[in-house]
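*Asks:* One letter stands for each residue in the lines below.
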Amino acid sequence: MPITIAKLLKSTTHTDYVAQIYGSGEIADPPAPTDYAFGTFVRVPLGGNYGHLVGVIYDTMLLNPDFGNLGPRLSPAPDLAVFSPDYLAEKVTLVGIMAVGMVNATGHATQGVPPFAAAIDALVERMDDVQVRAFHRGNPALHLAYAPLLLRQGSPLILPLLEAIIGRLTALFPEHAALLAVVQDDLKWKAQIVPLGGAQ
Amino acid sequence: MNERPIGLTKGPGETPHEFLFVSPDREQALKVGEFVVYRAPVDGQERNILARVTQRQPLRLYPDAFLADPGVGPEQVATLLGYEQASPDLFELVATVIGYYDAALGDFINPRVPPRSGCPITLASDKLLAAVLSKRRADDTGAGHIGSLLSRPSGQVPVMLDLAAIASTHLAILASTGAGKSYLAAVLIEELLKPNNRAAILVVDPHGEYNTLIEMLNHPAFIAPEYRPDVQILKPDAVKVRVGTLTLGDLFYLLPNLSEKMSYLLRQVYREVCQRSQITRHDPERWTRGELIGALQKIAEDDDNKQDAGTAGALIWRLESVLEHQSAIFDDFHHLDLNRLFRPGRCSVLQLNEVDEREQQVTVATLLRRLFAARMKTQKGLVKEGDELYLPYPVFVLMEEAHRFAPAGGEAVSAGVLKTVLSEGRKFGVAVGLISQRPGKLDADVLSQCGTQCILRIVNPLDQNRVAESVETVGRDLLRELPALTKGQDIIAGEAVNTPVLCQVRQRYTPHGAESRNAPEEWLAYFAPEEQARRERESAPLAVPKRSGESKMFK
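Protein chains in written order, with our numbering: chain B, 1 to 200; chain P, 1 to 555.
With the rest of the complex left out, here is chain B (with noise of 0.2 Å):
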């Protein structure tokens, strides 16, 4: 049963979206933060039989637009609530999702660029761990073909991105614990050795 986390609200490009997370009183099971956790795989379905998109969070921002103003009010918080609900709900949590792929009708999975785009207002679905071995299973081997992708962002978070997501593969593959080693051993170093000083 897949956990709708998130609606999209904009994207910056092709591959990158920004969604809202389903607060409270939104819809009837909001998500827990473990369902919108960094490195989180999700997919937002494209519409008619397009299948889904097929993105990770990589960042979290918060949205407080009651942030800076510091004057007295003339409602305590509490009675906000009650008297003005909608300025309550401004408060939301944004995730940024990078498309990294997508799953076709039939279940085919592609990774890279995705050819299509996904529709504003969309809802944004946590991937279980068997969406997410499909996605990832490759023949013979697994696929993480959008790794080079990711590592052209140029984002200081996709570093442990990576390291979160092969961290995620190792456990669901572990007959395959061999050849994620050897790349997380590089984005490892990469992340914690190269920043010191060591060669790249």
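FYI, nobody ran anything at the bench for these hints, they're computed from the structure. Any given hint could be a false lead.
As the list claims (entries may be wrong) - Derived Cβ-Cβ restraints for the label pairs, each shown as a range:
hint	chain 1	residue 1	chain 2	residue 2	range
1	B	R137	P	V459	36 to 44 Å
2	B	V18	P	A29	52 to 60 Å
3	B	R168	P	D89	54 to 62 Å
4	P	R60	B	D121	39 to 47 Å
5	P	K31	B	R152	35 to 43 Å
Quick caveat, the model's predicted, so the values are computed rather than measured. Cβ atoms here follow ideal geometry from the backbone N, Cα and C, with glycine treated the same way.
Once you've looked at the hints, dock chain P against the given chain B.
*Replies:* Using the frame of chain B, we list chain P on its own:
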């Protein structure tokens, strides 16, 4: 020709006759030394231009991090990260333009224009290479099938030496010990003695390695109607130098560190015996040791000249010691008969393995001197059939351990005459093949006079440098291959081939006679039960039979 392009040109190389091309080379065909072809118009005519691959650099290398786990191949990591090409290899190759072959000229002509960018490069076909690399075709007179092109499957592209070029402009075979130089020399001798060549050869063999050539006598490869080669092995005791053929220089060389006075006396008596020999025997080279020593004795016994007596006595002692007591090669009347040594279709092997090094040098010096004189006099019509120095056919002398006879910076008595033969032998049909395992110790002038070079594996940097200095026909790119060659692989360059080639020497028809000894096996054999029993048997005291009636009890 294989028309399927194997690469595309990228652009010009560092030098005007080099160009770069890029190839995936999935079949690993573009080895260093391999020949490729591109087509280009030259003087309005489309030509196949031959070039040789001299360098090969991979353009795509896996990141070092992909090589972190020996149990996980880098291609697995690449596949994980989305690179799923079957073969990622891409190479940049440097090729040196040789040119197009002009059959009328019998040589390559360099077009002097590098190929345009994007020009297809094809692998040169076996047929094309067989036609253009060698000057001669198989079984032509003067063709020597020495092996096949190293970059192609064995036997696919035969390498034929032009033996006529070798027999006029000389040859050098250079290699580290154990690289197969004697083997190559034997292959060359076999080719020279085949029915299509029938050469007159002398092999100077200081190690006694060429005995097995005798098996050529009955080998079908050498037998033709009305022809069967002749191989004669001259053992050290058959090697004779007639003392009359020794020059004053030879004598000084055999008697080092003579005092001024001794040198003066020797010069005096030498001139005297030569003159006397000219008068009495019409030949200044017929004097004997007795005459030389007799002339000195006369001085020693001269009461009017007491001061020279002691010197003459000492000189007599030294001459007797060198020319009579220490050596068996000097003789008053006999020496190696040139007409017996040299005859078309005959290979004479002069074994010098028990002869002192200085005497080896003197033997070679006197022999080469007589040989050169014989060829010169015969050529000029100064001698006639039946004369000792009448030698009416070109000859080829192959010398093992050539650095002994023309050492770098040394003063071997044979070096002078060897240089004369190398510089002037061409006119008179005397060719020399020098074989050396220490090119660094070989005189640079001597080495540079050899028109054809067969260079096998050389590891020593000094020897490599000497080869690079003295052998200008071999490019630096090929010389870089020297340490990497394995036994039986060689670089052939110079007059006998159209362009330098990397060659795999063919199998000999006759067995090889210079195999290394297997010392550990021989050590083990010492402890074999039958060997121990034999030693015990031989060291046991002889049993003396008792006489009848004799008893120890009543002694």
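*Asks:* Work down the list of hints and note, for each, if the structure agrees.
*Replies:* Right, here's what the structure says about each hint:
Taken as a hint, the range 36 to 44 Å is violated for the pair R137 (chain B) and V459 (chain P), whose Cβ atoms sit roughly 53 Å apart. Checking the proposed 52 to 60 Å range against V18 (chain B) and A29 (chain P) shows it holds: the Cβ atoms sit about 54 Å from each other. Checked against the hint of 54 to 62 Å, the C-beta distance between R168 (chain B) and D89 (chain P) comes to roughly 34 Å, which is inconsistent with it. For R60 (chain P) paired with D121 (chain B), a C-beta distance near 45 Å keeps the hint of 39 to 47 Å intact.
Distance hint for K31 (chain P) and R152 (chain B): a CB-CB separation of about 38 Å, consistent with the stated range 35 to 43 Å.
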